[in-house]
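Trainee: Let chain A serve as the given structure and place chain B on it in line with the hints.
Protein sequence lines, in the order shown, are assigned to chains A and B.
Each residue of the first sequence is one higher than the one before, starting from 4 at the first, in the working numbering.
Each residue of the second sequence is one higher than the one before, starting from -10 at the first, in the working numbering.
By construction, these hints were calculated from the structure, which means they are not laboratory data.
Some clues are possibly wrong.
To be verified - List time: in silico DMTMM-like cross-link candidates among lysine to aspartate or glutamate, alpha-carbon distance up to 25 angstroms:
| hint | chain 1 | residue 1 | chain 2 | residue 2 |
| --- | --- | --- | --- | --- |
| 1 | A | 166 | A | 147 |
| 2 | B | 61 | A | 147 |
| 3 | A | 322 | B | 269 |
| 4 | A | 238 | A | 67 |
| 5 | A | 322 | A | 352 |
| 6 | B | 343 | B | 256 |
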Amino acid sequence: MLSHPRIRSALIQILLLAVLAVTAWYIYQTTRANIIQQRIATGFDFFWVEAGFSINQALIPYSEASNYFRAFLVGLLNTLLVSALGLVFATAVGFAVGIGRLSSNWVIARVCGTYVEVVRNLPLLFQIVFWYLVMIAVLPAPRESVSVFGEAFINRRGFFFPKPIFSEGAGTFLLAVLAALFVAWVAGYFARRRRVATGRSATVWPLQMLALIGIPLAAWLALGMTVSVEHPVLKGMNFTGGLQLIPEFVALLFALSTYTAAFIAEIVRAGILAVRRGQSEAALALGLSRRQSLRLVVVPQALRVIVPPLTSQYLNLIKNSSLAVAIGYPDLVSVFAGTTLTNRGQAIEIIAITMLVYLAISLIVSFAMNLYNRRIALTGQGARA
Amino acid sequence: MSGYVRTQTAAPLPPPQGSTTQQWVAGHLFGNIFNAALTILAAAAFAYILFLLSRFLVFNAVWSGTDRDACKDVLNGACWPYVQAKFGQFIYGFYPHAERWRPNLVFVVGALLLAPLLVPSAPWKRLNALLFFGVYPLLGFILLTGGNIDLQRFLLGRFVALPELPAAFGLRANFWLDYAISSALLTATIALVARILGTPFSFSFKVLPLCFLVLALLLAPLDADFGLRWVDTREWGGLLVTLVVAVTGIVAALPIGVLLALGRRSEMFLVRWLSIIFIEFWRGVPLITVLFFATYMLPLFLPGGASIERLVRALIGVALFSGAYMAEVVRGGLQAVAREQYEGAAALGFGYWKTMSLVVLPQALTHVIPGIVNNFIGLFKDTTLVQIVAILDLLGQIRASFADPNWASPTTLYTGFAFAGIIYFVFCFGMSRYSQFLERRAGSSVLRREAELR
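Here chain A stands alone, though its shape is the one from the complex (with noise of 0.2 angstroms):
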């Protein structure tokens, strides 16, 4: 009897079951008994408690009165920001550097496929501690900052730009904005619309320049020009006022960015590759132009093998984004599970927590790219299972 496989399968199971549930019993008494041993809080009532120490960049308000709650949205957003920011030149940078390595200029191949080897064979917080440490050491002290035409200034203690206020009429101002980018779909819609029923393709962008230039251009005059701007101020040691980018920020800005961007080269660069010549030679034969060509045959069949294996890339750069604890950069990890869980000592919710975080992080992100990998990928006939 036990020799049938279904039985038998399902007594392994059952047997895998208890041993899994004493183990999480065991593990739950020891962790208990060590607890209160060690005599640790338990629960999620810190999170209100006053956090009581200051964070160098917050995007929402706080100050060291502010409870811990506070302090893991700040660390969160701040992730978040470096994230999306490295996200974007990541895949700029990567996207430039992998088209150039194919390209026919000798030079300009051998420079980008240099930069992509040097880059990817050292380690990605080498290159982070490498970058801040050395924008510490050359950058002068605030009383020497370099000026930029007197509106922005760098020194150790970061880069300052004049912020835009928006003060009346932002609302309006941001309605402007909507509007001219709803202008600019419809026209771009109608186009291809169009050229679909009749193959005549329409020449729309000239239009879409004017409503997305003069619709937010005509509601900002028409405003009185509300908008203002905060210059930075050398107070005593440092400037105050003005857009302030961190140091560590900036550091770690770069070097994800860097890193990532030369996988992503290397991603480009065999999805271009995995386009076999013979479709591009067939567009050319076809009478399309060479830019036509590659807009409407290489890259959308190069982007079907890119999509998959960079979002693993998108997902490892937000991953990597928590090495900005090395640096003191404030994000989610140094914030949380550095500082507070220094000052609290509560390991177990304060690690599952940033644990659950990126999880969730990381399964929105790949559920968003999924869903534009099943926009682009093939369908109809031939279409891929």
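Mentor: Chain B alone, transformed into the frame defined by chain A:
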């Protein structure tokens, strides 16, 4: 779609370019003005960087000295005496001077075992792999720590008080008596249960005693006293730690990865889903959080767990993390094994384990060797993260040395990074070239996408 199609014949293209040097230069470097400008600009930038690098590393560098005075006036040359003075720390950390022959021996044996393993045509692959993945970690552990761990009780001893017996060569008769009785009892019980249930469990009669024997062979050298001084892992550092973490990570990741990959393809619902959850969990979180987990959370799970050493905790975290990544690499290999192979094994009357271990896994693992090497490159670079949980690896030691006022000079920072950068680059670049060589040799790039996951 008629808008795209021409109505007249297009003008014929010019003939393909020839292949003389002149034509190549004209076509590839100076095709048009824009291209020519780009070429000159890129070449100039490249040459300038090379000039700066060679000036810093060689021509303007300081080569001898005893402290910062030698380097304090040089602004654009490396300060090599600083590396010379700190070399011991960069390689061994604070490993005692008198005992440094031990890590050296481990390095040499490792290189001697690894070199023939990497050459595809070298003979005795199986023996070589067994030595590298089985014996070498044991040897490394004994040499680096000193071995002679005191084994107290096995299984029976936890329930029954055994008589105190004397010890010889560090081997306690107590423990080994316990071990012999316990394993015999366990084997007999399982064999009996199998007999009663009437299953053809050849497992209990043949495999179980063999497992106990192998375990004994592993434990005995660890227990034995070779007269080596114990060196605490807190004293380890530098490149030694980097290599220990990377090699342990990859050696532990292989079995974990193979089991998880098999589990993920299992027909048993529970096994499959547990494997998927395990793999996706560790792959979905950053390594830093895994190291935090291993450092701060794991000790709470174990009775008196705070006594586990920091490095060991980090190693557990690294093993779990790289095991999950390895599982995906192995899964790629399993998918590449043709269905006929399973059918052939079934036709021979092989059961699950025989099919897997004799037919499927040997083929699957051969397919994914480039993937495993790429995984190792990723892991090697990731070892730098251990400095965040206060373990000083190569990069950590170098960072720590910047604080030494004895060597504070304008170029100490750059010299340290140049030294670390050269070591990391040589290792990673060498390995990536090796994996490319394997891929070309295998003649398939199907698995390259798997490799690029990291």
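Trainee: With reference to the structure, classify each hint as holding or not holding.
Mentor: A quick look at each hint next to the structure:
1. About 22 angstroms separates the Cα atoms of residue 166 of chain A and residue 147 of chain A, which keeps this hinted pair within 25 angstroms; it holds.
2. Our distance criterion of 25 angstroms between C-alpha atoms is met by residue 61 of chain B and residue 147 of chain A, whose separation comes to about 23 angstroms.
3. Using a Cα cut-off of 25 angstroms, the hinted pair residue 322 of chain A and residue 269 of chain B holds, with the two alpha carbons roughly 14 angstroms apart.
4. With a C-alpha separation of about 21 angstroms, the suggested pair residue 238 of chain A and residue 67 of chain A falls inside the 25 angstroms cut-off, and the hint holds.
5. With a C-alpha separation of about 20 angstroms, the suggested pair residue 322 of chain A and residue 352 of chain A falls inside the 25 angstroms cut-off, and the hint holds.
6. In summary, the hint linking residue 343 of chain B to residue 256 of chain B is supported, as the alpha carbons are separated by about 17 angstroms, within the 25 angstroms threshold.
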